[in-house]
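Here are the chains, one letter per residue:
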Amino acid sequence: MRVSYSWLKTLVDVTVPAAVLADRLALTGTEVDAVDTVGDGLDGIVVGHILTRERHPDADTLWVTTVDVGTGEPLQIVCGAQNFVASDKVPVACVGTTMPDGRVIKKSKLRGVVSYGMNCSESELGISADARGLLILPEDAQVGMPIARYLGVADAVLDCDVTPNRPDCLSMHGMAREVGAVYDLDVTPERFELIEEGEPVANLVDVTIADAELCPRYTARVIRGVKVGPSPEWLARRVVAAGARPVNNVVDVTNYVLFSLGQPLHAFDLGRFPKMADGRAHVVVRAARDGEPFTTLDGTSRELTSDMAVIAAATSGGDDAAALAASSIPMALAGVMGGLDSEVTDATVDVLLESATFSPAHTSRTSRNLSLVSEASIRYERGVDDNACADFSNQAAALMAQVTGGTVCAGIVDTYLTCTEPNRLTLRVARLQALLGALIPEADVTRILTRLGCTVEPGEKPGELEVRTPTFRPDLPREIDLYEEVLRLWGMDRVRPTLPGGRERIGGRTVEQIRADRVGAILRACGLNETVTYSFAPHDDLERLGMPEEGRGTAVELINPMSAEQRVMRRSIVPGLLRSVASNQAHGVRDIHLYEEGRVFAGVEGRELPREHKLVAAALAGAWVEPGWNQPSVPLDFFDAKGVLENLFRELAIPKVRFKALDPERGPWLQPGRAAEVLAGGRQLGWVGEVHPLALEAFHVKGPVVAFELSEEGLFASARVSRDHVDVPHFPAVSVDLALVVDECVTAESVEQAIASAGGKLLESIHLFDVYRDEDRLGLGKKSLAFSLTFRAEDRTLTSDEVDKAYGRLVRKVRGVVGGEVRG
Amino acid sequence: MKWGWKRHPRLGVVNARRDLVMEIVSQLERLRTDAYAAIEGASTTAALEEVRVAFLGKKGSLTTILRGMGQLPTEERPAAGRASNTVRDAIEEALSTRGDELARAELAHRMAADAVDVTLPGRSMPIGSRHLINSIRDEISEIFAGIGYRAVDGREVETDYYNFTALNTPPDHPARGMQDTFYVVDRSGGQAAVRGESNVLLRTQTSGVQAHIMEEQEPPIYIIAPGKVYRRDVADPSHLPQFNQIEGLVVDKEITFGDLKGTLDYVCKQIFGPDRETRFRPHFFPFTEPSAEVDVSCGICHGEGCRFCKGTGWLEILGCGMVDPNVFVYAGIDPEVYSGFAFGMGVERIACLKYDIPDLRVLLEGDMRFLRQY
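Line by line, the protein sequences are chains A and F. Be aware that the first sequence starts at 708, since it is given in my numbering, and climbs by one per residue. Be aware that the second sequence starts at 55, since it is given in my numbering, and climbs by one per residue.
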């Protein structure tokens, strides 16, 4: 809502500078986005008198003029406008003037003729968008007078951001009332005297509302014999200040009343309405038909739906409402925009003036569905007060008659189906004070509410007030809404800040939250960087990766995605991470260590809501470090990711973890032979592996990339709450090495398990320190696994004899289980 | 020695013995002198060890001399023994002194040779970084934990009931439209699904969590709900369709608007610094009444007005208000008994205010060069 300060001052006697008012409004609930100064920057532009007008010798479209600007010697100015004659008075920008758009006027040559200034249009002055020609000033304009003073355009316009609950503030009178409440000032409404003449309107127009839900009230007046032309300058200027373009005196009056009083109006050319047998035009307010075509006055042809309302003209049907409606053709899209065919034109003589209210919900949907927002629709979807419809119509008709020379027909056609009643509320002052935490005196409460248009009387009990809220305030149906009004105008800044004293409150984090944070902290300690990627994904993400859908639910599809790349909710975090890897690589970043903790979404047929699972995933590429003077740069592989997970499991106290070779059929997105599923005590936690080269190619990633994805629910369910304490050993240990040559297919895990079960009580730990292959020495398809075994007894120093026996037994048993030879 | 022998034959025997003692003593003295010289001449601990072996070792000079003591009569032996011990002690002390000297010198030499250029880079496994947004989330959660709030988690895919209706959002509110909110296909096969419409959406605010908590938990309630939310904004430097919010809810007896002010003023000072001021501007939200927006004074111009705060001296950071009685009614809480307040802040917004990030999209790109900065 654009509020002209000079206009506002005619309604309420506010004296502070515009900027101060803007700040005060911000603190009472009306945000002011900007304070624009109109007429600023017009210094150097004066009223000029065109003395001569000659064709430019070398240009058909240019004129050479001499202009008196009151300085004695007339100026020679070359001009491209066509709408003027010698003797016209126009605004002239002299040499040295900085125009509102920043341009500086200089002495210049146009096709060889020197020009000492510029004759200006309205758009060049920045007072309207009209650039069709020079602004022709009245003959009595005083030559040499600064144009800003002459036009009286020096004004401040407050661009107010009115919240959706305050339709009343979408008008100058509403803003004046608000400002009056802020500063405790009276408001002087603007009134135009209505003179009715001649034929009763009821003889000319009939109105039928076919659906009360669409339209609670519809009033019609007729103004006859209008002379359509430009508006008087004061009217045009106010319309411009409010943000509209002056059109003609009829349309400008409807816009003026809309801005001034908040009542959207529509002026139809009555001549365009078919006359029925009774000699009257029959207006029908009805639902549009599905698919009904209609051309709005912006020239766009639109297809309507039955959820929209139209103002239609009946063509037949007599007294039968249904027949009237059936025969009617749309003339306007109710509450949103008029139609091209019934628009007021220069030829219009009789105006049918509509002042009505339409359903906020229907108007809002119509506007949204047609992507058509108008000053009218903005107000109707927030709510226009039906009680004021007729009075505002009277004001509009009076003003229209005044500026068009027309006459207002006697009476008004008023079809009033649903009337909004004022709310009667009881306000408990003590409760207001308790809830707000401020001892706001009852007198202040009464004063503030009265200024806002409420009537306030003492209630039945002491400390209670009976409040009747005005119908233009649909946002005040409850006692609590009055508290807000009182608080914002009394001053939020005056409430003393306190802290709640609650007795039974315990803050902090849950075990789950602590664990989730712990997961992140461990991964970071391992060198991974946390990232966040989109929860959205292209629908073929899994397919592109080669990840089967099984176990991941159906895709959660967006009905209204922003782009094809974001059509579904992700079912794995890994594709997003791979996109980040690709983007890093594209920017020349080689070493990439990313992890993300986030959700994936699994749709379930027959269920409204999908399952949401929290996962932790990582993608590693390049090396941990760049080659350093004292540190080699080792390419990352499977074991780097596995090492990270080993740290993670150790830190989360997850026992019995297994890395089991993943069958390529079950993990096709991973490189066969370099992938494992991760289990803890039989529970599936996820997977780790090097991403399949073809999958990397599909994501434009240079490999190798090693990744993992684990279920956080699984991790937390496996994690032990506390650990067992084991006393540190007091007796010395004996270390023995065992190198076992086994077949390639024998896994380290199986050998270790065999050693562990064969080692007996004395075997304390097993450490694999070497894997060795040599065709010549070990034979084809063989490998040597070298373990360091530590023997220790809890209660004594072991003798070498005991160790030898235990070791010998261990070797025998292990060979019995996994085969193989002991290397000497 | 000869002179004694010649002068007194009877004494000669005695003299001869005495000569032998003298001989040994003088040998010892010579040994001492030689040893001192050798010790002085040894320039390394290894050479010194050789000296020790040569003089005191099993085959060393002292041993040879001592062997000669076997020829002495028993009564002379203690004196000779004492003399040899004195010499041995003296040599050992000299060895030890010189040994210490040499060891110190050698250590100093070794250390001099071992000196490094301390400006060369160290050797480490780099540790990772927390994402900026989550680190701010942590920080704020911590502040609230300190004043007794629990952090709670909720769904990201919600029903419109919990996201809108239970929060008193009117049925035709623009925020509910397909323009502003992401809807997902309803797979329930229920009425809405059959009509082709959907009541299932990506949450646009974490307030839905509050509605669930109010249904599930008796007051008093002191919670925050941090999490991802989604709105249909085109990703550009100042918008993301996916971002993070932290919303808070308090429901208790006798909660006042002053409590709301005090709480948020405390939190803002914790986040932005104790010298920052807050101001409350009345606003409108469907789920609170009265409602307010909170500004914090600009940290760059301290309220004077500058480009960062667009000349106002204030930066808008959060929305808040007293819980609307309708929201209590939806949740089955009696608004005549309980009151409360709610607030919501955008984590990305706070990140922008603290770090002046020119383009929010960097938050979702996973660029290592960005992530490693925090």
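Hints are computed from structural coordinates only; laboratory data are not their basis. Among the hints, erroneous ones may be present.
Derived SDA-like pairs (lysine to any residue); straight-line CA-CA distance at most 20 angstroms [as the list claims (entries may be wrong)]:
(1) K307(F) to R1306(A)
(2) K282(F) to E1186(A)
(3) K323(F) to R1138(A)
(4) K307(F) to G1144(A)
Part of the chain A face toward chain F, derived, beta carbon under 10 angstroms [unchecked claim]:
(5) F899
(6) E900
(7) L901
(8) L1196
(9) C1233
(10) P1245
(11) M1276
(12) R1314
(13) D1483
Beyond 12 angstroms from chain A on every Cβ pair, some chain F residues (computed) [said to hold, decoys possible]:
(14) V305
(15) F326
(16) R333
(17) G420
All residues carry an ideal CB built from backbone N, CA and C; glycine is no exception.
Consistency of the hints with the structure:
Distance hint between K307(F) and R1306(A) is unfulfilled; the C-alpha atoms sit about 36 angstroms from each other, more than 20 angstroms. Taking the CA atoms of K282(F) and E1186(A), the gap is about 35 angstroms. The hint is violated against a cut of 20 angstroms. Annotation: proposed proximity of K323(F) to R1138(A) is violated, straight-line Cα distance about 30 angstroms (limit 20 angstroms). Taken as a hint, the K307(F) and G1144(A) pair is honoured in the structure, with Cα atoms around 13 angstroms apart against an allowance of 20 angstroms.
Taking 10 angstroms as the C-beta contact cut-off toward chain F, the hint placing F899(A) at the interface is violated, the least distance being around 33 angstroms. For E900(A), the shortest C-beta to C-beta distance to chain F is roughly 38 angstroms, which exceeds 10 angstroms, and the interface hint is violated. The beta carbon of L901(A) is not positioned within 10 angstroms of any beta carbon in chain F (closest approach about 36 angstroms), and the interface hint is therefore violated. With 10 angstroms as the threshold, the beta carbon of L1196(A) comes within range of chain F, its nearest partner Cβ sitting at about 9 angstroms, so the hint holds.
For C1233(A), the suggested interface contact is upheld, since its CB lies about 7 angstroms from the closest CB of chain F, less than 10 angstroms. Below 10 angstroms, beta-carbon pairs count as interface contacts, and P1245(A) has none with chain F, the closest being about 15 angstroms; its hint is therefore violated. Residue-level restraint check for M1276(A) holds (minimum Cβ-Cβ distance to chain F is 7 angstroms; threshold 10 angstroms). Against a cut-off of 10 angstroms between C-beta atoms, the interface hint on R1314(A) holds, since the closest Cβ of chain F lies about 6 angstroms away.
Because the beta carbon of D1483(A) sits about 37 angstroms from the nearest beta carbon in chain F, more than 10 angstroms, this interface hint is broken. For V305(F), the non-interface assignment is contradicted: its Cβ lies about 10 angstroms from the closest Cβ of chain A, within the 12 angstroms cut-off. For F326(F), the shortest C-beta to C-beta distance to chain A comes to about 16 angstroms, beyond the 12 angstroms cut-off, and the non-interface label holds. For R333(F), the shortest C-beta to C-beta distance to chain A comes to about 7 angstroms, within the 12 angstroms cut-off, and the non-interface label is violated.
Separation of G420(F) from chain A is inadequate, the least Cβ-Cβ distance of about 3 angstroms not exceeding the 12 angstroms criterion.
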